[in-house]
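K.L.:
Each chain is listed here by its residues.
Protein chains: 2
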Amino acid sequence: MAPEATLDRRPASSAASGGDRSSAAGSRHRVVILGAGFGGLSAAKALAKAPVEVTVIDRRNYHLFQPLLYQVAIAGLSPADIAVPIRSILRHQANARVLMGEVEGVDRQAREVFLADGRRIPFDSLIVATGARHAYFGHDEWEPVAPGLKQIDDATGIRRRILLAFERAEMATAEKARERLLTFAIVGAGPTGVELAGALAELAKKALAADFRAIDPREARILLVEAAERPLTSFPDHLSVKATTQLHKLGVELLLGAKVTRCEEAGIEIEDSRGRRFIPAATVIWAAGVQASPAARWLGIAGDRAGRVAVTPHLNLPDDPRIFVIGDTALCLGANGKPLPGVAPVAKQQGGYVARYILRALAGRSSKPFAYFNYGNLATIGRRAAVADLGWMQMSGTLAWLFWGGVHIFFLIGFRNRIFVLLSWLWAYFLFHSGARLITGDDND
Amino acid sequence: MAPEATLDRRPASSAASGGDRSSAAGSRHRVVILGAGFGGLSAAKALAKAPVEVTVIDRRNYHLFQPLLYQVAIAGLSPADIAVPIRSILRHQANARVLMGEVEGVDRQAREVFLADGRRIPFDSLIVATGARHAYFGHDEWEPVAPGLKQIDDATGIRRRILLAFERAEMATAEKARERLLTFAIVGAGPTGVELAGALAELAKKALAADFRAIDPREARILLVEAAERPLTSFPDHLSVKATTQLHKLGVELLLGAKVTRCEEAGIEIEDSRGRRFIPAATVIWAAGVQASPAARWLGIAGDRAGRVAVTPHLNLPDDPRIFVIGDTALCLGANGKPLPGVAPVAKQQGGYVARYILRALAGRSSKPFAYFNYGNLATIGRRAAVADLGWMQMSGTLAWLFWGGVHIFFLIGFRNRIFVLLSWLWAYFLFHSGARLITGDDND
Numbered sequence: 001m002a003p004e005a006t007l008d009r010r011p012a013s014s015a016a017s018g019g020d021r022s023s024a025a026g027s028r029h030r031v032v033i034l035g036a037g038f039g040g041l042s043a044a045k046a047l048a049k050a051p052v053e054v055t056v057i058d059r060r061n062y063h064l065f066q067p068l069l070y071q072v073a074i075a076g077l078s079p080a081d082i083a084v085p086i087r088s089i090l091r092h093q094a095n096a097r098v099l100m101g102e103v104e105g106v107d108r109q110a111r112e113v114f115l116a117d118g119r120r121i122p123f124d125s126l127i128v129a130t131g132a133r134h135a136y137f138g139h140d141e142w143e144p145v146a147p148g149l150k151q152i153d154d155a156t157g158i159r160r161r162i163l164l165a166f167e168r169a170e171m172a173t174a175e176k177a178r179e180r181l182l183t184f185a186i187v188g189a190g191p192t193g194v195e196l197a198g199a200l201a202e203l204a205k206k207a208l209a210a211d212f213r214a215i216d217p218r219e220a221r222i223l224l225v226e227a228a229e230r231p232l233t234s235f236p237d238h239l240s241v242k243a244t245t246q247l248h249k250l251g252v253e254l255l256l257g258a259k260v261t262r263c264e265e266a267g268i269e270i271e272d273s274r275g276r277r278f279i280p281a282a283t284v285i286w287a288a289g290v291q292a293s294p295a296a297r298w299l300g301i302a303g304d305r306a307g308r309v310a311v312t313p314h315l316n317l318p319d320d321p322r323i324f325v326i327g328d329t330a331l332c333l334g335a336n337g338k339p340l341p342g343v344a345p346v347a348k349q350q351g352g353y354v355a356r357y358i359l360r361a362l363a364g365r366s367s368k369p370f371a372y373f374n375y376g377n378l379a380t381i382g383r384r385a386a387v388a389d390l391g392w393m394q395m396s397g398t399l400a401w402l403f404w405g406g407v408h409i410f411f412l413i414g415f416r417n418r419i420f421v422l423l424s425w426l427w428a429y430f431l432f433h434s435g436a437r438l439i440t441g442d443d444n445d
Numbered sequence: 001m002a003p004e005a006t007l008d009r010r011p012a013s014s015a016a017s018g019g020d021r022s023s024a025a026g027s028r029h030r031v032v033i034l035g036a037g038f039g040g041l042s043a044a045k046a047l048a049k050a051p052v053e054v055t056v057i058d059r060r061n062y063h064l065f066q067p068l069l070y071q072v073a074i075a076g077l078s079p080a081d082i083a084v085p086i087r088s089i090l091r092h093q094a095n096a097r098v099l100m101g102e103v104e105g106v107d108r109q110a111r112e113v114f115l116a117d118g119r120r121i122p123f124d125s126l127i128v129a130t131g132a133r134h135a136y137f138g139h140d141e142w143e144p145v146a147p148g149l150k151q152i153d154d155a156t157g158i159r160r161r162i163l164l165a166f167e168r169a170e171m172a173t174a175e176k177a178r179e180r181l182l183t184f185a186i187v188g189a190g191p192t193g194v195e196l197a198g199a200l201a202e203l204a205k206k207a208l209a210a211d212f213r214a215i216d217p218r219e220a221r222i223l224l225v226e227a228a229e230r231p232l233t234s235f236p237d238h239l240s241v242k243a244t245t246q247l248h249k250l251g252v253e254l255l256l257g258a259k260v261t262r263c264e265e266a267g268i269e270i271e272d273s274r275g276r277r278f279i280p281a282a283t284v285i286w287a288a289g290v291q292a293s294p295a296a297r298w299l300g301i302a303g304d305r306a307g308r309v310a311v312t313p314h315l316n317l318p319d320d321p322r323i324f325v326i327g328d329t330a331l332c333l334g335a336n337g338k339p340l341p342g343v344a345p346v347a348k349q350q351g352g353y354v355a356r357y358i359l360r361a362l363a364g365r366s367s368k369p370f371a372y373f374n375y376g377n378l379a380t381i382g383r384r385a386a387v388a389d390l391g392w393m394q395m396s397g398t399l400a401w402l403f404w405g406g407v408h409i410f411f412l413i414g415f416r417n418r419i420f421v422l423l424s425w426l427w428a429y430f431l432f433h434s435g436a437r438l439i440t441g442d443d444n445d
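Just so you know, the protein sequences line up as chains A and B, in that order.
In terms of full-length UniProt numbering, the first sequence is residues 1 to 445.
In terms of full-length UniProt numbering, the second sequence is residues 1 to 445.
Hints listed in this document are in silico derivations from the structure and should not be mistaken for laboratory results.
These figures come from a predicted structure and were not determined experimentally.
Backbone N, C-alpha and C define an ideal beta-carbon position, used for all residues, glycine too.
There's no promise every hint is true.
Short derived list, chain A residues pointing at chain B, Cβ under 7 Å [unchecked claim]:
(1) Arg59
(2) Pro79
(3) Met100
(4) Lys150
(5) Ile152
(6) Asp154
(7) Ala165
(8) Ala210
(9) Asp211
(10) Thr244
(11) Thr245
(12) Ala302
(13) Arg305
(14) Phe403
Construct all of the structure, not just a fragment, from the sequences and the given hints.
P.N.:
So, in structure tokens, the structure goes:
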């Protein structure tokens, strides 16, 4: 492969050498990491004992365990259960500092990152791991109506919408208005959409059932709209079938082969084999499609359709081996020639790989290309319902659900969070009470 | 006392009779309760088994345990730990319904409450328990600079300010700017101010100590500004002295006999016996002075200087015995002739009293005037530091602190919250980790 060959032919020490700028701490190799998600943090941690200077820059002060974010949206967990201050995670890593700031651009000549507040952060190696946002396929005007779920504020906003819809339905006097308020449409039946739909169905049918007087929350309609012909297209066929059965059991209505053609206050319009139709729905949640962070723009190069930056098999730029792009922001081809999916394990493995690559380069050694090891795919659907594809085995139902829970608690950062999430789940499991049903924030949407 | 005599001479059944409007459920006596704080909820619960129809109206969907709100502001607890959906609390109370809505006014002739969305809620008896907001003594322009602490969104906003101040100090290049960012001024040394100051000092000096590289959070200055000559003026003198010692031990600077004369972005100006001076401070928190909810305006009567509505010894209006005002919104004189303080136990006892009053009146019986039983005053200052005045005994230090913790956990509504708060505290106590250090919300103040 050409880019790899090119890279390997450069002297490794030049690709990663210190250079003309010296920092306060002297001439140690400066690794700047943009983004403290799974990829960025795993890179930072893999550099813990190394003789380099690590700077982690993030817009937020916390690392977010995104796989459980939907549980904040459906009021099952509190934000603090799934987020940990980046500083706490790195507090004992003496060679790392954390800066809160918004990236505006990268000066590749001067080897500096520009922040929105005017600061310039010099680097010798740069790791871009700034993730992705939800995307609306050219319909950004849908965002206010159909929010996506990537950040904590997205999740508490969606929680507010969901809970307010029930509150307003309780007060509605017209039957039509009540029906619209009790219709929830989730767009996209990937893992996030499926998880949201299942959890929302349980919220309505169990946790809220006894709370209202004028409405019966069990009558809420939960629609899961998917353009493909089956949910969870990243899973094998027969697990999609299992997921479909489990969703039906929870009362979720699956609309397959259905494209969303319009989103507005009143509801959504979909198009499927039966033609176009409008479904009145007060709450629409977007779980379809993502767009990479604007890293391509910062780096002054062209991204692919989803905004991702194409990288070499060593995860750096073909023409600039000291700049690495990983995680959801990178377009990295897997062994099968297809792009690796935007999931946490890919980002984590890439972060570790890049850290090791840099250290080997500093020691004058070259590295093998990155190879992703896929431990499997997991999605939960509801109480004792999940699907798991581990490659060498597939599971569904209770066993997959327990496995899903175990894996997620295991990978949560912070022992405190593990304990508190486990307790919240046990509590919810035995008592059908969800813990965080607060309508916060002050807007009236 | 005149109003009481007047009231007692009215036939009790007329004070609480049904009347011209009949509700959907027939002719049961309709009790409408405005506000689901301590007062409103205790009234609702005391009516649980009674043959009346209870409607609880609140702007929020949750009951908030305000005595622990400062812990959300200093990132010790999550909002969901101290708030419970009102519907959950009343879910098994068949005669109660909950409406989320903003009160606009009361039509005393038609006996209806107007809500902002145009709904009108008829009542036979009305209990106004809508609490208080912080007040700025005619300087409302200070609010954006010096936020108060009454609601969850206030607390998460203050949490954001506090944590952002440390983040910005870490990045500051000028010494002056860093000093200002690391100066926190709390105005008002009542229980809330003292608790905030103590907890903030511990956050800076313990929990955050190892998290930063460019600054030492232990150098943060925490100022507690109080116009009186001692903190905790509602406590006996010698407990104020103990509190002062404990605050000093935590490194809090007490500025006594100091009036705030200006609040702005850059800091606060205070005036004391040494004259006026300006203290640069990036974070100012307002814990002085409250203003009752606009109940007087809704009822078309004059409130006192703090907006409170004067009530008879039976807690109703002199000229309208079917309208009760309780809690922070009521001006109710205690046995000593002074107004009862705006604390949870007063509101709770008043709520229970009014419920019993209404039921007795419906049965044709009169009630004795309300009498407040004071179980004591509590304030915590920090780790193993608190003061308690139980009347028959006074405590300070570790014993008072344990007592404070026990009482607060006991009175939290919801077993789940008790468990989770207890666990959070044990965790923080043994590990000096605080659990909810998230900067959320999207504004940049």
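K.L.:
Would you mind marking each hint as holding or not holding in the structure?
P.N.:
Evaluated hints:
With a cut of 7 Å, the hint placing A/Arg59 at the interface with chain B is violated, because the nearest CB-to-CB distance is about 10 Å. Evaluation of the A/Pro79 hint against chain B yields a held restraint, the C-beta minimum of about 6 Å falling below 7 Å. Hint on A/Met100 holds. Least Cβ distance to chain B is approximately 4 Å, under the 7 Å limit. Interface hint status for A/Lys150: violated, as the beta-carbon distance to the closest one in chain B is roughly 13 Å, over 7 Å.
With a cut of 7 Å, the hint placing A/Ile152 at the interface with chain B holds, because the nearest CB-to-CB distance is about 5 Å. Hint status for A/Asp154 relative to chain B: violated, with the closest Cβ pair at about 10 Å, above 7 Å. For A/Ala165, the shortest C-beta to C-beta distance to chain B is roughly 12 Å, which exceeds 7 Å, and the interface hint is violated. Proximity of A/Ala210 to chain B holds as hinted, the smallest CB-CB distance being about 5 Å (cut-off 7 Å).
The beta carbon of A/Asp211 is positioned within 7 Å of a beta carbon in chain B (closest approach about 4 Å), and the interface hint is therefore held. Among the interface hints, the one on A/Thr244 is violated; its C-beta lies about 32 Å from the nearest C-beta in chain B, farther than the 7 Å criterion. Among the interface hints, the one on A/Thr245 is violated; its C-beta lies about 31 Å from the nearest C-beta in chain B, farther than the 7 Å criterion. A hinted interface residue such as A/Ala302 counts as satisfied when its beta carbon comes closer than 7 Å to some beta carbon of chain B; here the least separation is about 30 Å, so the hint is violated.
Taken as an interface hint, A/Arg305 does not check out: its beta carbon lies about 28 Å from the nearest beta carbon of chain B, beyond 7 Å. Proximity of A/Phe403 to chain B is violated relative to the hint, the smallest CB-CB distance being about 26 Å (cut-off 7 Å).
Taken one by one, the earlier hints fail for this structure at numbers 1, 4, 6, 7, 10, 11, 12, 13 and 14, listed in ascending order.
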